[in-house]
Amino acid sequence: MKKTLVIVLIFTLLSACNLIESTPSIEKLNKAPENVQELLDPAVPLQSINKNGEMAYLIYESKDEVTASLEKQGDKLNIKLKAVPKDGDNIKQHVFKLKIDKETEMIDVLINGKSTPMAVITGP
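Once you know that position 93 of the sequence shown is 96 in the working numbering, the rest is easy, because the numbers rise by one and skip nothing.
To be clear, the hints were calculated from the coordinates, so they are not data collected in a lab. In this text the structure is predicted, and so the values were computed from the model without any measurement. Treat the hints with caution; some may be incorrect.
[To be verified] Cross-link-like lysine-lysine pairs, in silico, DSS-like; alpha carbons within 27 Å at most: (1) LYS105 <-> LYS117; (2) LYS66 <-> LYS89; (3) LYS102 <-> LYS117; (4) LYS34 <-> LYS117; (5) LYS75 <-> LYS117; (6) LYS105 <-> LYS79; (7) LYS83 <-> LYS66; (8) LYS34 <-> LYS83; (9) LYS54 <-> LYS95; (10) LYS95 <-> LYS66; (11) LYS79 <-> LYS102; (12) LYS102 <-> LYS54; (13) LYS100 <-> LYS54; (14) LYS85 <-> LYS34; (15) LYS34 <-> LYS89; (16) LYS31 <-> LYS66; (17) LYS105 <-> LYS31; (18) LYS34 <-> LYS100; (19) LYS66 <-> LYS85.
[What the hints assert, rightly or not] What follows is a set of in silico ranges between Cβ atoms, one per label pair, in the way DEER data are often shown: (20) VAL87 <-> GLU108: 24 to 32 Å; (21) LEU113 <-> THR26: 16 to 24 Å; (22) ASP44 <-> ASP111: 19 to 27 Å; (23) ASP90 <-> ASN55: 36 to 44 Å; (24) ASP92 <-> SER25: 39 to 47 Å; (25) GLU106 <-> PRO45: 29 to 37 Å; (26) GLU108 <-> LEU42: 22 to 30 Å; (27) GLU57 <-> PRO88: 28 to 36 Å; (28) GLN96 <-> PRO120: 13 to 21 Å; (29) THR70 <-> ALA122: 20 to 28 Å; (30) LYS34 <-> GLY91: 12 to 20 Å; (31) GLU41 <-> ASP90: 28 to 36 Å; (32) ALA86 <-> PRO45: 18 to 26 Å.
Idealized CB from N, CA, C, for every residue including glycine.
The whole structure should be built from the sequences, with the hints applied where relevant.
The following block contains the structure:
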């Protein structure tokens, strides 16, 4: 009986971990990792550096203050960037680490609700 209970408990924990990992997420970073920074094109304001198909870095250069959220629509993932104007003329690099689930076939970046094209780079 104890063996069965332990096996069921382990199976439940592993299943829960799998569910957590398969959910898309986005996290704002202070700066891009060095190996990602080397791949960026300074002339392009919105870029995605893809790594191994499950993780990407989204880089948006703007004078505005920027926050991000995700919205899943079937196999499409919307990355919603909200850009709020702030004082100053300095362009800042906003870096987001994005984890993508296996069901995602398409990614759309919306800046203040408007779909925006981005450069996509496959990285190391």
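Hint check:
Proximity of LYS105 to LYS117 is assessed by CA-CA distance (about 25 Å); at most 27 Å being required, the pair is judged to hold. A distance of roughly 7 Å separates the Cα atoms of LYS66 and LYS89; the hinted pair therefore holds under the 27 Å criterion. This hinted pair checks out: LYS102 and LYS117 have alpha carbons roughly 22 Å apart, not beyond 27 Å. As the CA atoms of LYS34 and LYS117 are separated by approximately 25 Å, the hinted pair is consistent with the 27 Å bound.
Annotation: proposed proximity of LYS75 to LYS117 holds, straight-line Cα distance about 16 Å (limit 27 Å). Taken as a hint, the LYS105 and LYS79 pair is honoured in the structure, with Cα atoms around 11 Å apart against an allowance of 27 Å. At most 27 Å may separate the alpha-carbon atoms for a hinted pair to count; LYS83 and LYS66 meet this at roughly 17 Å. Restraint check for LYS34 and LYS83: satisfied, since their Cα atoms lie roughly 19 Å apart, inside the 27 Å limit.
Distance restraint check for LYS54 and LYS95: the Cα-Cα separation of roughly 23 Å lies within the 27 Å cut-off, and the hinted pair is therefore satisfied. Between LYS95 and LYS66 the alpha-carbon distance is near 6 Å, which keeps this suggested pair within the 27 Å criterion. About 14 Å separates the Cα atoms of LYS79 and LYS102, which keeps this hinted pair within 27 Å; it holds. As the CA atoms of LYS102 and LYS54 are separated by approximately 10 Å, the hinted pair is consistent with the 27 Å bound.
At most 27 Å may separate the alpha-carbon atoms for a hinted pair to count; LYS100 and LYS54 meet this at roughly 11 Å. Among the hinted pairs, LYS85 with LYS34 is consistent with the structure: their alpha-carbon atoms are about 18 Å apart, no more than 27 Å. At most 27 Å may separate the alpha-carbon atoms for a hinted pair to count; LYS34 and LYS89 meet this at roughly 20 Å. Restraint check: the Cα-Cα separation between LYS31 and LYS66 comes to about 16 Å, which is no more than 27 Å; the hinted pair holds.
Between LYS105 and LYS31 the alpha-carbon distance is near 22 Å, which keeps this suggested pair within the 27 Å criterion. Annotation: proposed proximity of LYS34 to LYS100 holds, straight-line Cα distance about 10 Å (limit 27 Å). For a cut-off of 27 Å, the pair hint linking LYS66 to LYS85 stands: about 12 Å separates their Cα positions. Separated by about 31 Å at the C-beta atoms, VAL87 and GLU108 satisfy the suggested range of 24 to 32 Å.
For LEU113 paired with THR26, a C-beta distance near 20 Å keeps the hint of 16 to 24 Å intact. For ASP44 paired with ASP111, a C-beta distance near 21 Å keeps the hint of 19 to 27 Å intact. Roughly 39 Å separates the CB atoms of ASP90 and ASN55, a value that falls within the hinted 36 to 44 Å. Checking the proposed 39 to 47 Å range against ASP92 and SER25 shows it holds: the Cβ atoms sit about 42 Å from each other.
Between GLU106 and PRO45 the beta carbon distance is about 34 Å. The supplied range of 29 to 37 Å therefore holds. As the Cβ distance of GLU108 to LEU42 is approximately 24 Å, the hint placing it in 22 to 30 Å holds. The supplied range of 28 to 36 Å is met by GLU57 and PRO88, whose beta-carbon atoms lie about 34 Å from each other. Roughly 18 Å separates the CB atoms of GLN96 and PRO120, a value that falls within the hinted 13 to 21 Å.
For THR70 and ALA122, the Cβ-Cβ distance of about 22 Å falls inside the hinted range of 20 to 28 Å, so the restraint holds. Distance hint check: the CB atoms of LYS34 and GLY91 are about 19 Å apart, consistent with the given range 12 to 20 Å. Taking the beta carbon of each, GLU41 and ASP90 are about 32 Å apart, inside 28 to 36 Å as hinted. Between ALA86 and PRO45 the beta carbon distance is about 19 Å. The supplied range of 18 to 26 Å therefore holds.
Hint violations for this structure: none, all hints satisfied.
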